[in-house]
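Chemist: Produce the complete structure using the sequences and hints provided.
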Amino acid sequence: GENVEQHPSTLSVQEGDSAVIKCTYSDSASNYFPWYKQELGKGPQLIIDIRSNVGEKKDQRIAVTLNKTAKHFSLHITETQPEDSAVYFCAASYSGAGSYQLTFGKGTKLSVIP
Amino acid sequence: ETGVTQSPTHLIKTRGQQVTLRCSSQSGHNTVSWYQQALGQGPQFIFQYYREEENGRGNFPPRFSGLQFPNYSSELNVNALELDDSALYLCASSLSAGGLGYTFGSGTRLTVV
Numbered sequence: 227g228e229n230v231e232q233h234p235s236t237l238s239v240q241e242g243d244s245a246v247i248k249c250t251y252s253d254s255a256s257n258y259f260p261w262y263k264q265e266l267g268k269g270p271q272l273i274i275d276i277r278s279n280v281g282e283k284k285d286q287r288i289a290v291t292l293n294k295t296a297k298h299f300s301l302h303i304t305e306t307q308p309e310d311s312a313v314y315f316c317a318a319s320y321s322g323a324g325s326y327q328l329t330f331g332k333g334t335k336l337s338v339i340p
Numbered sequence: 004e005t006g007v008t009q010s011p012t013h014l015i016k017t018r019g020q021q022v023t024l025r026c027s028s029q030s031g032h033n034t035v036s037w038y039q040q041a042l043g044q045g046p047q048f049i050f051q052y053y054r055e056e057e058n059g060r061g062n063f064p065p066r067f068s069g070l071q072f073p074n075y076s077s078e079l080n081v082n083a084l085e086l087d088d089s090a091l092y093l094c095a096s097s098l099s100a101g102g103l104g105y106t107f108g109s110g111t112r113l114t115v116v
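Protein chains in written order, with our numbering: chain Y, 227 to 340; chain Z, 4 to 116.
Be aware that one or more of the hints could be misleading.
[Unchecked claim] Which stretches of chain Z does chain Y cover? Using the computed rule of at least three CB atoms under 8 Å from a CB of chain Y, they are:
(1) 77-90
(2) 107-115
[To be verified] Listed below are several chain Z residues computed to face chain Y (Cβ distance under 7 Å; list not exhaustive):
(3) Val-22
(4) His-32
(5) Leu-42
(6) Gly-45
(7) Pro-46
[What the hints assert, rightly or not] Among chain Z residues calculated to face chain Y with C-beta under 10 Å, some are:
(8) Gln-9
(9) Ser-10
(10) Thr-12
(11) Tyr-38
(12) Gln-40
(13) Gln-47
(14) Pro-64
(15) Leu-93
(16) Gly-104
Think of the hints as simulated: they come from the structure by calculation, not from any bench.
Computed from a predicted model, the values in this text were never measured in an experiment.
Heads up, the beta-carbon is just placed ideally off N, CA and C, and yes, glycines get one too.
Modeler: Next comes the structure, spelled out in structure tokens:
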């Protein structure tokens, strides 16, 4: 089955700096890679996702890159703000017939210091 | 458009008891998945229901079971509770399988004592 490794487990940055979180996956059949933000007491919220036919995707201050050959993908947050503080999860799945699950990384706790 | 709602929000049960958790999916979503999130870990897939049938299951024992109803709401049942079942249980609804377009609820925090 799929295995997703996520690093670092904790990350502290100064407000305004950039934050980068990296993930690797094991199953070359995986073709869908979402990123979730989870705040205390809440469920994960999708913030950005990328499919395997795209190398990079950007949405305002958030961007995701995917390297299929190396089987790794990364989340980049620029101009961080205190409200970006949360736990971030990467995930991978095969989005096709017979698919049914997301495999998550263990999460990165991001702290943005004002 | 309403999101995914789960009930109850918190629950304390004794080892050996049974528990039922409930989930109302987002309007129009026909697929419901359940995940278990232990403290400090990422969510782990339990199973998925599509049009009232289980069509995928993770590495969880048979004492974890579920139902999906004609209105696409869902239940997760856990029998013979163990201490390790203490976790946040998340429900996610979507229009398709494979995690595309998941909307998660806020979860039910289950504590087994």
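Chemist: State for each hint whether it applies.
Modeler: Evaluated hints:
Coverage of the stretch 77-90 of chain Z by chain Y is violated in this model, with 0 residues showing a Cβ closer than 8 Å to a Cβ of that chain against a need of three. For the stretch 107-115 of chain Z, the stated coverage by chain Y is satisfied: 4 residues place a CB nearer than 8 Å to a CB of that chain, which reaches the threshold of 3. Checking Z/Val-22 against chain Y by beta carbon gives a least distance of about 19 Å; that is not within 7 Å, so the hint is violated. Because the smallest distance between the Cβ of Z/His-32 and any Cβ of chain Y comes to about 14 Å, over 7 Å, the interface hint for this residue is violated.
Contact between Z/Leu-42 and chain Y, as hinted, is not supported at the beta carbon level, the nearest pair being about 11 Å apart and thus beyond 7 Å. The interface hint given for Z/Gly-45 is met, as the beta carbon of that residue sits about 3 Å from the closest beta carbon of chain Y, less than 7 Å. At about 5 Å, the closest approach between the beta carbon of Z/Pro-46 and any beta carbon in chain Y falls short of 7 Å, and the interface hint on this residue holds. Interface restraint check for Z/Gln-9: the shortest CB-CB distance to chain Y comes to about 8 Å, inside 10 Å, so the restraint holds.
Residue-level restraint check for Z/Ser-10 is violated (minimum Cβ-Cβ distance to chain Y is 13 Å; threshold 10 Å). The beta carbon of Z/Thr-12 is positioned within 10 Å of a beta carbon in chain Y (closest approach about 9 Å), and the interface hint is therefore held. Proximity of Z/Tyr-38 to chain Y holds as hinted, the smallest CB-CB distance being about 8 Å (cut-off 10 Å). Hint status for Z/Gln-40 relative to chain Y: holds, with the closest Cβ pair at about 9 Å, below 10 Å.
Of the supplied interface hints, the one on Z/Gln-47 holds, with its beta-carbon coming within about 7 Å of a beta-carbon of chain Y, less than 10 Å. Hint on Z/Pro-64 is violated. Least Cβ distance to chain Y is approximately 17 Å, over the 10 Å limit. Satisfaction of the interface hint for Z/Leu-93 is found here, the shortest Cβ-Cβ separation to chain Y being roughly 5 Å, below the 10 Å cut-off. This hint holds: Z/Gly-104 has a C-beta 8 Å from the nearest C-beta of chain Y, less than the 10 Å allowed.
Violation of the numbered hints given earlier is confined to hints 1, 3, 4, 5, 9 and 14; the remaining hints are satisfied by the structure.
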